[in-house]
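From first to last, the protein sequence lines stand for chains A and B.
Quick note, in this note's numbering, the first sequence goes up one by one and the last residue is 253.
Quick note, in this note's numbering, the second sequence goes up one by one and the last residue is 1344.
A couple of the hints might just be wrong.
No farther apart than 30 Å at their CA atoms in a straight line, the calculated lysine-lysine pairs in the DSSO-like style are these [claimed, not checked]:
hint, chain 1, residue 1, chain 2, residue 2
1, B, Lys1183, A, Lys143
2, B, Lys1032, B, Lys1340
3, A, Lys29, A, Lys227
4, A, Lys29, A, Lys235
5, A, Lys227, A, Lys70
6, B, Lys1032, A, Lys143
7, B, Lys1340, A, Lys143
8, B, Lys1341, B, Lys1032
9, A, Lys235, A, Lys214
Calculated from the structure, these hints are not laboratory results.
The structure presented is a predicted model; accordingly, all values stated were derived computationally and were not measured.
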Amino acid sequence: MAHVLEIRDLNKNFGAIQVSRNINLTLEKGARHALIGPNGAGKTTLVNLITGALTGTSGQILLNGEDVTKLPQAARTRRGMARTFQINQLFRGLTVIENVYLAIAERTGASNRLWRAAGAERAVIAEALQHLDSLGLGEDAGKSVNELPYGRQRLIEIAIALAQRPRLLLLDEPAAGVPSSESHLILDVIGRLDPDIAVLIIEHDMDVVFRFAKEITVLVAGAILTKGTPQQIAKDEQVRAVYLGQDHHEVAP
Amino acid sequence: MAESNTVRDDKAAASSLSGRGVDFLLNRHRFKPAEALPWILAIAVYFFLPDRLTFGSQVLIMVLFALSLDLILGYAGIVTLGHAAFFGLGAYTVGLLVIRAGWNEPISSLFAAAAVAALAGFVSGWVLLRYRGFTLLMLTLATAVLLMELGNLRSDITGGYDGLPGMVIAPLFGVFEYDLYGKTNYLYTLAVLFVVFMIVRRIVYSPFGEALTGIRENVRRMHAIGAPVHRHLVVAYTIAAAIAGVAGALNAQTNAYVTLGVFEFERSAAVMVILILGGTGRLYGAFVGAVIYMVLEDDLAKWSPEFWQFGVGLLLVVTVLFARRGLLGLFEDIGRYISKKRAS
Chain A
1 MAHVLEIRDL
11 NKNFGAIQVS
21 RNINLTLEKG
31 ARHALIGPNG
41 AGKTTLVNLI
51 TGALTGTSGQ
61 ILLNGEDVTK
71 LPQAARTRRG
81 MARTFQINQL
91 FRGLTVIENV
101 YLAIAERTGA
111 SNRLWRAAGA
121 ERAVIAEALQ
131 HLDSLGLGED
141 AGKSVNELPY
151 GRQRLIEIAI
161 ALAQRPRLLL
171 LDEPAAGVPS
181 SESHLILDVI
191 GRLDPDIAVL
201 IIEHDMDVVF
211 RFAKEITVLV
221 AGAILTKGTP
231 QQIAKDEQVR
241 AVYLGQDHHE
251 VAP
Chain B
1001 MAESNTVRDD
1011 KAAASSLSGR
1021 GVDFLLNRHR
1031 FKPAEALPWI
1041 LAIAVYFFLP
1051 DRLTFGSQVL
1061 IMVLFALSLD
1071 LILGYAGIVT
1081 LGHAAFFGLG
1091 AYTVGLLVIR
1101 AGWNEPISSL
1111 FAAAAVAALA
1121 GFVSGWVLLR
1131 YRGFTLLMLT
1141 LATAVLLMEL
1151 GNLRSDITGG
1161 YDGLPGMVIA
1171 PLFGVFEYDL
1181 YGKTNYLYTL
1191 AVLFVVFMIV
1201 RRIVYSPFGE
1211 ALTGIRENVR
1221 RMHAIGAPVH
1231 RHLVVAYTIA
1241 AAIAGVAGAL
1251 NAQTNAYVTL
1261 GVFEFERSAA
1271 VMVILILGGT
1281 GRLYGAFVGA
1291 VIYMVLEDDL
1301 AKWSPEFWQF
1311 GVGLLLVVTV
1321 LFARRGLLGL
1331 FEDIGRYISK
1341 KRAS
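In isolation and in its complexed conformation, chain B is listed as follows (with noise of 0.2 Å):
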């Protein structure tokens, strides 16, 4: 009884906020048709291009880690040049497992490469997140920095620069074999970033998301409604930190091999690129910069090994300049902008 009256107050609280302007903010979290899209390309490369599909899983593999940095960077304002800390972390807690204590299990390391990288967010987060702009960037850039170099120290653990080779991972729910062309690794892979999507889209849409909105919009105003900033910040960046680490262990099951160039600032400035040409604060936005970075980065380094970042900057500068909002914003624009002409 109780709770059909309850779903008859939502109803009936749900009727008179209809009509106020406001469904936008009622229905936000529902699904779009054009959500399907992303998936839908996703399998058809597993179909149409078998013979491209260990790259596809880097591709994958970048929209994770991406999407990881959107949370925190395009959600909650945070400017971070460090997030490849969690990257390899997570890449270093599979590869640690496997040859250091014979731990091959690819699930199983993935939480564990996940609950490390959160730990080391958590940590790293509660003491830097005092600070914001240019502190925060040096701070956060210097603590990858050190993660580079305590495992440069300690090379007789994590192989140093010459890396973890021979890692063998076990197959996949103890059945599927990791195959030569990397079928089972493609779908494996898709399979964790639509999970993680799923949950961090849930986030970015809940009273909680919209609170890392208001820290990126106006922490002054944010303090002022005491809201705990703080603590906001310190929960966001931990899960970006765990997700950020499954994107690391990802990569290392993938490759089936570990360096310590998974912490390099390269890749943290890669994943930043990556967002502002797709779009921040968009979710999908991850998706377009990866593609259309690892796409760009891979033929023109054929094209031109020497030369190809320039392609990739001479992209990032046309897109700061014409499209600030990514090209995810500028396809929105020139949407509305048809749908206008449409309707006068």
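Okay, chain A solo, but in the shape it has when bound (with noise of 0.2 Å):
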């Protein structure tokens, strides 16, 4: 079967700068694969290049299978990748269930309609219930997003997400910005999540790395330094040297 996420040989130059290189990454159904590395090691510029976002200077991009390099954002997302953002990126003046409705809408195809009323799309909206219930935001539909405190809102970044009913769910930061007394709504999720889903996440947490990670990746200065398992990673000696080693609690631009 194929690989829900195949990335070969990928490069990635800003002018001379050398963001990426030579990065080679695969993910199977249900993967739970961590990319870790410091500051500045081209964690979100990976994920930006796995998106579509961002094209790639050379190397290959397939998900499932299918060669997607040349394709955009939207067509990758419509072949079931989604992605959420280190920093905040929500439809901040509308309320909560909007924010859901329109990931819905988007995937369905409900969003190209004209002549109908947003409220007689009931299907849509039950199904936006539904994934805010089950992420416990149920209570919170009615409001605004600017209204809820950070916390809930990484929440609906998440939700989003999930609306989209993705193959392959790339988390970049998932839990960055949250208070720690909070932090918890966001790992009970994220250790819920439906284990068809292949997730890479991005994390500068090690708790979270080794309590959710089957698989490591290590990204130091653009490049893959290595690539094993939790035990394996936690004992390498380079790794402790370039990162574990050094307190890397703050937030990457």
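Need the complex rebuilt from these two chains, each delivered in its own frame; the hints are there to steer you.
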């Protein structure tokens, strides 16, 4: 069976600067893969390359065996890929339910209807409520996103991605900026994700990484330093030297 | 049978969805009593200010023009300074049909104007809507200027800045003559505005309209959820262009006169000022803004022909500083404040 995600010899240059170098990575169905590395290692760049927000200089990206290297972001998304952002990218002026509604309407094609009331799309609204309920956001459906505390806003970030019904989910530091008193909310949700979804998570918090991931890739200066199980990575001297030995809890720009 | 089942399913779904705090979304498209107010006022003007109906028609046309801008600026968040291009194309479609082709039936002319403007909106939108912000602002501005210069170059056809004089519009439905006091024209303009408003209202409350607000609120996220952002924008821009074309056509029919002035930058700027004054992204902002702007312009210009723009400018500055959501937004806030006071 084809890999959910396969990256082959991917490179990305910004002028003379190589931000991604010879990246090779595969994710299987149900994968729980963490991507770690110091600030500026190119983790978010890699996510942007996978989604198509950026185009690689060379190399290939395959989703479920299909080469999507030249496809734009919307086309890749339709093939079952969703992402969350390190810094919230929500529809801030809208209500919580509308945030999720939009993702469902784009997935089902309802968003192309001009002559029907948005409120008459009962199926979309019912599904949006289901997603919110499953993340414990049901009570907030009618509230404006702006009114919610940051931790709950981070959950909406995930709710939108799940409403896309992805087979591949890219989580870019899902707990970033969330006070520790609320971070268990995010971790619970990540722990309960559908086991069929392949998940790639970028995370700085080693507790989260070691609890959640079955595989870890360490990225340093745009290149993969090493890959392995959490046990292997924890023992790796090289990784200790460049990463684990230092304190890395600040948020990357 | 099948149909009654569907109805029952819908009702069942509706009852399970109510009480979940999403009623605002379920009922947003339903008409509220207050929505009758602008139309009642517009009809009242017909009966109580019969000597101001020509001016009244001009106001209604500006409402229509501002409404078309609201669809793209207020809902989709596209900032344009060249919206007069479509207004002008609509006006010239009517003018050239009458003068060069002898076609003077008013309603079919409106459709022709809408079609020409829509085509221009589609083509220019397809190219320009890949850009955003300042770049888009300049490109839309340049488009309108280019159209004006094109009209100037071929002034043998367009009449240039002297315009196309002597347009005679045929009676409406072949029966109602355009009278000196503009009675027929006022009702005709009001009817067209009503029909177009209902269409725009329907669109902004549709899932497509919701997607437009998504683009306005966060275009990056729209891309990430797989939205065809460019296609959504081009559709909205084409519709807005068609409506602006209808506004221009009505303007040409009301004045029985078209000059290249219809393309002027001042018109693109004025319609944006109107929308900001009234409040963007709220349908009725176009009504409030157009009435205030046009009345102010009329009165201040009589009072001080040289400095009337100062008054409009001052009002705009005050609005932007103290009522960022426009006058309609301000009224809403005041209403909410009062009802809160009453509740406590």
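Broken hints, numbered, in rising order? 1
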